[in-house]
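Visitor: Residue numbers (our numbering), protein chains in the order written: chain Y, 2 to 432; chain L, 2 to 432.
Incorrect hints may appear among the rest.
Put simply, identical chains are the same to the list, so a pair is met inside one copy or across any two.
[As the list claims (entries may be wrong)] Each computed DMTMM-like pair below joins lysine to aspartate or glutamate, with the alpha-carbon atoms no more than 20 Å apart:
#, residue 1, residue 2
1, 25, 65
2, 209, 308
3, 316, 333
4, 25, 430
5, 283, 149
6, 302, 51
7, 283, 142
8, 346, 163
9, 326, 402
10, 209, 168
Just so you know, these hints were derived from the structure itself, not from any lab.
Number of protein chains: 2
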Amino acid sequence: MPQYSLLSREEKENELELLRKQYKTICNMNLSLDMSRGRPCRDQAAFAMDMLNCLTPEDMILADGSDVRNYGIPAGILSARKLMGGILGLDPTEVYICGSSSLNIMFDLVSHAYLHGVYGSNEPWRASEHPKFLCPVPGYDRHFAITEYFGIYMINIPILEDGPDMDMVENYVNNDPDVKGIWCIPKYSNPTGVTYSDEVVRRLAALKPAADNFRIFWDNSYVVHDLYGDDKDELANIMDLCKEYGSEDMVYEFTSTSKMTFAGGGLAALGASRHNIDYISKQFAVESIGWNKLNMLMHVKFLKDNETIAALMRKHAAVLRPKFKAVEEILEAEVSDIAQWKNPKGGYFISFNVMDGCATRVYNLCKDAGVKLTPVGATYPYGHDPHDSNIRIAPTSPSLDDLTQATALLCLCTKIATLEKLLTDGEAEEV
Amino acid sequence: MPQYSLLSREEKENELELLRKQYKTICNMNLSLDMSRGRPCRDQAAFAMDMLNCLTPEDMILADGSDVRNYGIPAGILSARKLMGGILGLDPTEVYICGSSSLNIMFDLVSHAYLHGVYGSNEPWRASEHPKFLCPVPGYDRHFAITEYFGIYMINIPILEDGPDMDMVENYVNNDPDVKGIWCIPKYSNPTGVTYSDEVVRRLAALKPAADNFRIFWDNSYVVHDLYGDDKDELANIMDLCKEYGSEDMVYEFTSTSKMTFAGGGLAALGASRHNIDYISKQFAVESIGWNKLNMLMHVKFLKDNETIAALMRKHAAVLRPKFKAVEEILEAEVSDIAQWKNPKGGYFISFNVMDGCATRVYNLCKDAGVKLTPVGATYPYGHDPHDSNIRIAPTSPSLDDLTQATALLCLCTKIATLEKLLTDGEAEEV
Chain Y
2 MPQYSLLSRE EKENELELLR KQYKTICNMN LSLDMSRGRP CRDQAAFAMD MLNCLTPEDM
62 ILADGSDVRN YGIPAGILSA RKLMGGILGL DPTEVYICGS SSLNIMFDLV SHAYLHGVYG
122 SNEPWRASEH PKFLCPVPGY DRHFAITEYF GIYMINIPIL EDGPDMDMVE NYVNNDPDVK
182 GIWCIPKYSN PTGVTYSDEV VRRLAALKPA ADNFRIFWDN SYVVHDLYGD DKDELANIMD
242 LCKEYGSEDM VYEFTSTSKM TFAGGGLAAL GASRHNIDYI SKQFAVESIG WNKLNMLMHV
302 KFLKDNETIA ALMRKHAAVL RPKFKAVEEI LEAEVSDIAQ WKNPKGGYFI SFNVMDGCAT
362 RVYNLCKDAG VKLTPVGATY PYGHDPHDSN IRIAPTSPSL DDLTQATALL CLCTKIATLE
422 KLLTDGEAEE V
Chain L
2 MPQYSLLSRE EKENELELLR KQYKTICNMN LSLDMSRGRP CRDQAAFAMD MLNCLTPEDM
62 ILADGSDVRN YGIPAGILSA RKLMGGILGL DPTEVYICGS SSLNIMFDLV SHAYLHGVYG
122 SNEPWRASEH PKFLCPVPGY DRHFAITEYF GIYMINIPIL EDGPDMDMVE NYVNNDPDVK
182 GIWCIPKYSN PTGVTYSDEV VRRLAALKPA ADNFRIFWDN SYVVHDLYGD DKDELANIMD
242 LCKEYGSEDM VYEFTSTSKM TFAGGGLAAL GASRHNIDYI SKQFAVESIG WNKLNMLMHV
302 KFLKDNETIA ALMRKHAAVL RPKFKAVEEI LEAEVSDIAQ WKNPKGGYFI SFNVMDGCAT
362 RVYNLCKDAG VKLTPVGATY PYGHDPHDSN IRIAPTSPSL DDLTQATALL CLCTKIATLE
422 KLLTDGEAEE V
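Pulled out of the complex, with its shape left as it was, chain Y reads as follows:
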């Protein structure tokens, strides 16, 4: 591939013409591919089929005599709290199980905090005229959608190599009482793949928020979602560090088994200090009599413990690894000079950065050729990428063939958009 920046104007135009011909050929193939969604693929869903029929009549009555087929036990059955606590590195008493969607728990906690408040504070967030949230970017659109829904003003915090820019975070959190929270995906962050360093986690635990109702939303969705076995990122246990600083009430942790067992049909858990769990239990008691304990029990029997989970996750990794590698190899071969990305060691995404001002054009070119990407801007609050540069690649769901085809097109479109931009910028300079 020629180095675009070294080409003359005429050479750029010739190259562009060549690429456009290739593009036209691909358009005529009427592709219909989707790289937009962080979904497990069908092969992965099959791994948990044994969970469906694992319950027997003998399982229905727990050791304490309670019947999982009846109301009650609002925080979840003990064995499920142990299971999810094991994943998060928390004591079972620091875990509350609800439903299948961790996003739903996050929404609920934002809602309760906004309207009614949090443990240890007399003020709900709405008492602030301009409640704010810190949003490490690029990040997860569904997080941003929640805070936007409540009219909470979102502030972009760049994600660096080792996590969010902590100088900025400390400056905001420790000085501005309107800052009520921060969205974090601390391991294999969506979409960057960044895992927060020990130093970053420690600085988060050491925050001294100006607001007494500040919370870290610690969305540990990819906690066991390693791709390369032992060659994995290690995340510090934020609750342990918080306990050193006496700040354990400041953190809400979340995880779910959506990408271990069944997406949308998994088990979702909140991890928090006992103070928080007690407080939230009272708030949640208004909205539910209790959550599906049969689903909890199914998960406990199937996932058993951390070792069994690790073995299951190795199966998932075996399916996903070739997909990530395929994308990364094509990107390396085709666009290493004109785009940047990180090869993550786990998670569900590759964060792909094209030349500033080109992402929307790349997205549209791909769309017109039949390849659907995550909408540009989705990885930023308010759907606005200030650099028009970030594209989230979701390699998990398509087949390897589809993925190869889609990534090749993505590269072609990246080249076209880059050349167009260089030519336009050149014109502007000439004028």
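Please build the complex by placing chain L on the supplied structure of chain Y, with the hints as guidance.
Guide: Only chain L this time, still in chain Y's reference frame:
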């Protein structure tokens, strides 16, 4: 049993002494019985065991190619919308399935309406300085807890023989723009057992609310929960009537299978106009990617259709009928002169009214003798029964033996409390 009101003061005192001796004997038995909770019993939970292992690998892929083990289909799989629509008498497009708890959907809808508004209105409820809700009483404590949590002022509306006092309801709803909703359990109401008459349902459908964001919360929890086969109450289809009056956006319907399959592990559904469903789908999209479709599919395979459900409900009725009859026979034999109740044709409760000012005393006497009743006042907003008269009996969960013993004690305590009251009132008159 002597007619208490005809007894002389001395006769009353002698009778009371006799009853207190009986009471002391029972206290020494160290009973520990619970008639407080509207739970199915263990025999009922067993009816749905076949549901647990009913899914096969072939079921996982739906006719449209989507995989129930993956994200998506936020409103629920079509077959589940059909199933729950069948129960409620609604078109599948008028049904949204979420999770297992209909109470949770109610909470969510109050929350969304309070903060963000409802279809067809520009104002969320919080825009009113004093949003209000009508609460037919006695009613369901968990309904009242939701509106109380949002600081919505609750107004008691007496439940008459055929439903809430519609003159009062019309007067409030049609004239006061602060009135945002009404809680209704239209069939076998908790706890009264009253089913709304066709005329009441029609008058509700014909309401012309002063508030453009008013909603009827139609909690049809006991829609198929008949006790005596064909000798059952018939409830008019409010949505059909609303369509006559063009008011179909005014109603949110709810039901769940908690008392058909597994309590807490069932399927919960919202029924509403297509306008409402579209609007709510957008609100719910912020809080979840979708609900547990495996649980939906299990329910569809097991419950199948209205006929299969009716057969299942006959099994439940066979277990529950003797319990209701036992309570009713003891009440009839023991306290028919000094208390009032209705023998319901379905549902989960018997609403028991003692002499004004006696319910708390009855509750405490029962408690001290080892029988737990639903706390007095729970059936009223703010936990306050203005007459101190209503006791909710929940006969479903205890065994027939326990129930017989507990009801006998309840009658004894009712007699004691009544005599005490008559004697005190008599003293007051003499002074």
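Visitor: For every hint, state whether the structure bears it out.
Guide: Each hint, compared with the structure:
1. 25 with 65: Neither way: residue 25 and residue 65 sit 68 Å apart in one copy and 31 Å across, limit 20 Å.
2. 209 with 308: Cα proximity of residue 209 and residue 308: none, with 37 Å in one copy and 61 Å across.
3. 316 with 333: Result: close neither inside a copy nor across copies, 26 Å intra and 65 Å inter.
4. 25 with 430: Classified as neither: same-chain Cα gap 30 Å, cross-chain 100 Å, threshold 20 Å.
5. 283 with 149: between (26 Å within a copy, 14 Å between copies)
6. 302 with 51: both (10 Å within a copy, 18 Å between copies)
7. 283 with 142: between (29 Å within a copy, 15 Å between copies)
8. 346 with 163: Within one copy only: 14 Å inside, 65 Å across.
9. 326 with 402: within (13 Å within a copy, 67 Å between copies)
10. 209 with 168: Close inside one copy (13 Å), not across copies (57 Å); limit 20 Å.
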